[in-house]
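Assemble the complex: chain A is given as a structure, and chain B with the ligands must be docked to it using the hints.
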Amino acid sequence: MFRIGRRSRIFFVCALLIAPWIIQVIPTISHYLDVLVFAGIYTLITIGLSLLMGYAGQISLGHAAFFGIGAYISGILTVQYEWNPWFCMLVGVVVTVLVAFLIGTPALKLKGHYLAMATLAFGIVVFIFFNEEVAVTGGPDGMGGIPGLSIWGYSFDTELKYYYLVWGIVAAVFLFSVNLVHSRLGRALRAIHTSEIGANAMGVNVSVYKIQIFVYSAALASIAGSLYAHYINFISPGTFDLSFSVKLLIMIVIGGMYSIWGAILGAVLISFLSFEWLEMFKEYEILVFGLILLFVTIFLPDGIISLPKKLRGIMGKSKKPSGQKRD
Amino acid sequence: MDNFKPWMILRVSDIEVIFGGLAALNRVSFELKPGIIKAIIGPNGAGKSTLLNVITGLIAPDWGTIKFKGHFLDHVPPHRVSQFGISRTFQHVETFEKMTVLENVMIGRHNHMFTNFFECGIKLPKVRREETRIQNEALELLEFIGLQDKAEEEASSLPLGDQKLMEIARGLATQPDLICLDEPAAGLNESDTFRVSKIIEQIKLRGIAVLLIEHDMKLIMDISDEILVLNHGQIIAEGTPKEIQSDPKVIEAYLGGEIANA
Ligand SMILES: Nc1ncnc2c1ncn2[C@@H]1O[C@H](COP(=O)(O)OP(=O)(O)O)[C@@H](O)[C@H]1O
Ligand SMILES: [Mg+2]
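Chain order of the listed sequences is A and B. FYI, the numbering for the first sequence is 60 to 386, going by the numbering used here. FYI, the numbering for the second sequence is 39 to 300, going by the numbering used here.
Some clues are possibly wrong.
What the hints assert, rightly or not - Chain A side only, calculated, beta carbon under 7 Å to chain B, not exhaustive:
| id | residue |
| --- | --- |
| 1 | R249 |
| 2 | G257 |
| 3 | M261 |
In case anyone wonders, no lab produced these hints; they're calculated from the structure. Even glycine gets a Cβ: it sits at the ideal position worked out from N, Cα and C.
Pulled out of the complex, with its shape left as it was, chain A reads as follows (with noise of 0.2 Å):
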């Protein structure tokens, strides 16, 4: 739908380098490379909630759940094993993988509001889960001591080379959704999303594609959930409730759902107002974001990417409308 091309990929990887040397000088903002490793963290789920949501058109709030079960599996298994971290994250990877596979056979199989009750519904359950096996995950205590991560005795010890190896695992991931969603597996999605009828008749094999694309955003937020926990050291249930599941939907819808592009501005841009910008707004912090997410569904349904576009188009320059390439 925005035609972005070669040139801001290039852009946006110049800036994702200098970003920080910028932020570092400039002793107000320095910490603003805190947030940015977070939003990294976010943007890894924004990208698999864009491709499930925006391309695919299928719902989930149970995101939150498959974050929490990649942070809980590298807190116990780093802590109470001692394994190592980024095998640690595979079987994050892995155990996700086979829950989203057994969620989401019976729950894609629903539409709409069904899907978006079913998946809250797991949401909660793994919720609960965290909170009260105590024994396993610390309860609502938490867990702590989780080591940070390095790589052969190069340790990522410092903001700066943990926002490197994060948005470095964001880039690649961009660029295979990005390739997913230009190859006959995004056009497959797309079909489902306006007519899984009529995706059907033509032989696309409408459950499968679904839940492939669900597995791998679930396996997206399961590697975000591992970096997270590494990152703070510490995790607790509070961090994976319904509310951070609600979080992401508005990035992706705030952003723009139908652009990887927008999940990536949602994921910054969020992450800015809930730790930055809205501080001051405290408990009445949620009624802002309601004020925006309302602004933003009434004045711009496709995200605030798509604005350059929408300027372009009242001040009358538009294009004709052409094919769409949507990254």
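Relative to chain A, chain B with the ligands alone:
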């Protein structure tokens, strides 16, 4: 099997579909020879679309069997039916929105592509090769249907007539042996209707059998080889256009003057 006829491409036997206690199809049986155009006519609500839905796997029949090229297709899911070689269009177009006309047709060739999830994600060279191949094949079909100039336009922004044509191209893209067209000319003007009838004849020339639901009697009488008349879920007549036109049961049952004059 009684009166086994191996040359029939499709054999529909005793199909019954019941919606809320009412029979939408009642013991419907017929056969289809390969490469011919068979029209299904009948008043609104007669069960024509339901019959196509059963044949294409969208609805599982409550009773009866569908045999296509030697395979039983009742209770086979629709995407498998498509793989067996039955394609279709829809009475109410099922255009894939936010996709170009070309991409819509390319969906029809989905099962003629073989790259998997990971190959697509890392974009192996063969992914691009396959994509180009499919794109060219889809373009050829658009040329055949006469929509090549609109290939890059958003499909859902096309006039209804073009969307219906696009659905035919998309249906052909699956490379079927049988294509089911549900009212392809409904809502079209005279020139578009003429275009559709020419296209259907060419589809037949390609050796593809056509099951055609239509209300345009002139079109039906001009191009179909056989006609099947449905009324209240039952077949009331079957034969060549000539036979149907003079069948007193058909004339009396519903078509009256319209059919005799066509
Ligand atoms: N999904 C459905 N649920 C319930 N009734 C249906 C459904 N589809 C069709 N019908 C009913 O079945 C009958 C046949 O419909 P249909 O096959 O669409 O007729 P036609 O295509 O000949 O106009 C109608 O009475 C219609 O209301
Ligand atoms: Mg109908």
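Status of the hints after comparison with the structure:
1. R249: holds (6 Å)
2. G257: holds (3 Å)
3. M261: holds (5 Å)
In the structure shown, no violation is registered for any of the earlier numbered hints.
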